[in-house]
Amino acid sequence: MQVRRNARLAELTTLGVGGPIDRLVEVSDPDELVAAVRDADAAGRALLVLGGGSNLIAPDAGWPGDVVVVRSRGVERDGSRLVVQAGEPWDDLVAYSVEQRLAGMEAMSGIPGSTGATPVQNVGAYGQEVGQVITAVRVWDRVGSTERVLTPAECGFAYRDSRLKREPGRFVVLTVSFELEPSDLSRPVGYAELARTLGVELGERAPLADVRAAVLELRRGKGMVWDLADPTSRSAGSFFTNPVVPVDRVVEGCPSWPAGDGMVKLSAAWLVQHAGFGRGTRHGRVGTSPRHSLALTTEPGATAEELLAFSEKIIAAVQERFGVTLEREPTAITPSPYRATPRPAAVPDGR
548 MQVRRNARLA
558 ELTTLGVGGP
568 IDRLVEVSDP
578 DELVAAVRDA
588 DAAGRALLVL
598 GGGSNLIAPD
608 AGWPGDVVVV
618 RSRGVERDGS
628 RLVVQAGEPW
638 DDLVAYSVEQ
648 RLAGMEAMSG
658 IPGSTGATPV
668 QNVGAYGQEV
678 GQVITAVRVW
688 DRVGSTERVL
698 TPAECGFAYR
708 DSRLKREPGR
718 FVVLTVSFEL
728 EPSDLSRPVG
738 YAELARTLGV
748 ELGERAPLAD
758 VRAAVLELRR
768 GKGMVWDLAD
778 PTSRSAGSFF
788 TNPVVPVDRV
798 VEGCPSWPAG
808 DGMVKLSAAW
818 LVQHAGFGRG
828 TRHGRVGTSP
838 RHSLALTTEP
848 GATAEELLAF
858 SEKIIAAVQE
868 RFGVTLEREP
878 TAITPSPYRA
888 TPRPAAVPDG
898 R
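Residue numbers (this note's numbering): 548 to 898.
It is worth saying that the hints were derived from the structure and are not from the lab. Remember, it's a predicted structure, so these values are computed and weren't measured experimentally. The C-beta atom is built at its ideal place from N, Cα and C for all residues, glycine as well. Hints may contain errors.
DEER-style ranges, computed between Cβ atoms [stated by the list, open to error]:
id: 1; residue 1: 867; residue 2: 740; range: 24 to 30 Å
id: 2; residue 1: 776; residue 2: 832; range: 15 to 21 Å
id: 3; residue 1: 713; residue 2: 805; range: 23 to 29 Å
id: 4; residue 1: 751; residue 2: 626; range: 24 to 30 Å
Below, in silico cross-link-like pairs of lysine-lysine (DSS-like), each with a Cα-Cα straight-line distance of 27 Å or less [as the list claims (entries may be wrong)]:
id: 5; residue 1: 712; residue 2: 812
id: 6; residue 1: 712; residue 2: 860
id: 7; residue 1: 812; residue 2: 860
Work the whole structure out from these sequences, hints included.
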C-alpha cells in the first residue's frame, strides 16, 4: 500500500479535471483495499474509491480525505467462468475473453476504465451490457463493515444503472464474476451500426475477433478509445445516456429503438446535435468532440465547473426544443461523500 499527498484528481481521470487530494492511497489487492477503506472509515475521513477514472467528473475543490486507487490485477478462469480483480483494466479483460474464445463481452471492446467499475454503471455498448454476463459481485459493505457477495438480482441492474450506483459509496467492489459462452462466434449482433460494419444481419453471429476489431474501429472513429496522444479522447465517452420515453413521445426524425413496455430509446447524440451542439462546438476549454457530438471533451486547464455548465446548456437546449430531459452518464462527485459510521469492524479470519 502506497500513500502520498502531492496528487490531484485531474491526474487520475480521463476528463482531466479535479483538484488536490489530501491522501492518495494505492492498493494492489483486495486485502489492501479493505484495509484502506476500514482505515478511512475508522478515522472518519471522506473516502473516494477510484478505478480507471473514466466515468467521473471530479470536483475542482479536490478531495478532503482519502482517494483509494485500485490497482489489483488478475483473472481466474474455471471453464466459461471468469473471476476478475476489480483493478483489472476492462479492455484487457475483453481482449482476453476473445483470445480464449469466450463470447459475451466482445461488443464492449475499447471501453476505458477498470472491471470493478463496470457493474456500478452496468456498462454497455453496441447491444451488450455487463449485467447480462455478471454472475456475482464480491464487495466490502461499509454499512455492515463486512464482505458480501451480491447476486445479479441484488445488484438491481437496469439501463446504465444498478443498486451499487443508487447507493453511492456503500459497496466497494473487490472482484467480479462472469459467465461467458464458449464459442468462436459472438453473441447475436444486436446493434444496427455494428451489423452494417460487419456485413451481417441483426441477430446473426460473427467471429469474435472480427466483432472486437469492428467495435474498436467504430469507437476510434468517434474518439472513444482512450489515447494519451489523441486530445479528442480526453473525455468520459458518451456524456449522456439515450433517453427512454413513452412510444407516443417519439421525436420526429430521431433514431429510436424499442425499449419494452411501450417505451422507446431515443438517440441522445441526434438530440444533442439537432439542439445546436454539433461536433466540435466549443465553449472555452470544453465542448463536443469533433468526432462525435455525444462525447464532451476538455482541454488542458479546463475545470469541472466549465464542463458541468456546458452540459447544462445542452440539457436545457434539448429540453426546450424536444421536451426530452437528458441525463449525464458520468458521475459528478462532491466533497461530501457517504461516510460509514465508525465502529469495530467484523473482518473474516485471515483478512
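So, going through the hints one by one against the coordinates:
Checking the proposed 24 to 30 Å range against residue 867 and residue 740 shows it holds: the Cβ atoms sit about 28 Å from each other. With their beta carbons about 19 Å apart, residue 776 and residue 832 fall inside the hinted range of 15 to 21 Å. The supplied range of 23 to 29 Å is met by residue 713 and residue 805, whose beta-carbon atoms lie about 25 Å from each other. Distance hint check: the CB atoms of residue 751 and residue 626 are about 26 Å apart, consistent with the given range 24 to 30 Å.
At most 27 Å may separate the alpha-carbon atoms for a hinted pair to count; residue 712 and residue 812 meet this at roughly 21 Å. Only pairs whose Cα atoms come within 27 Å are accepted, and residue 712 paired with residue 860 is accepted, the gap being roughly 25 Å. Of the supplied pair hints, the one linking residue 812 and residue 860 holds, its CA atoms being roughly 22 Å apart against a limit of 27 Å.
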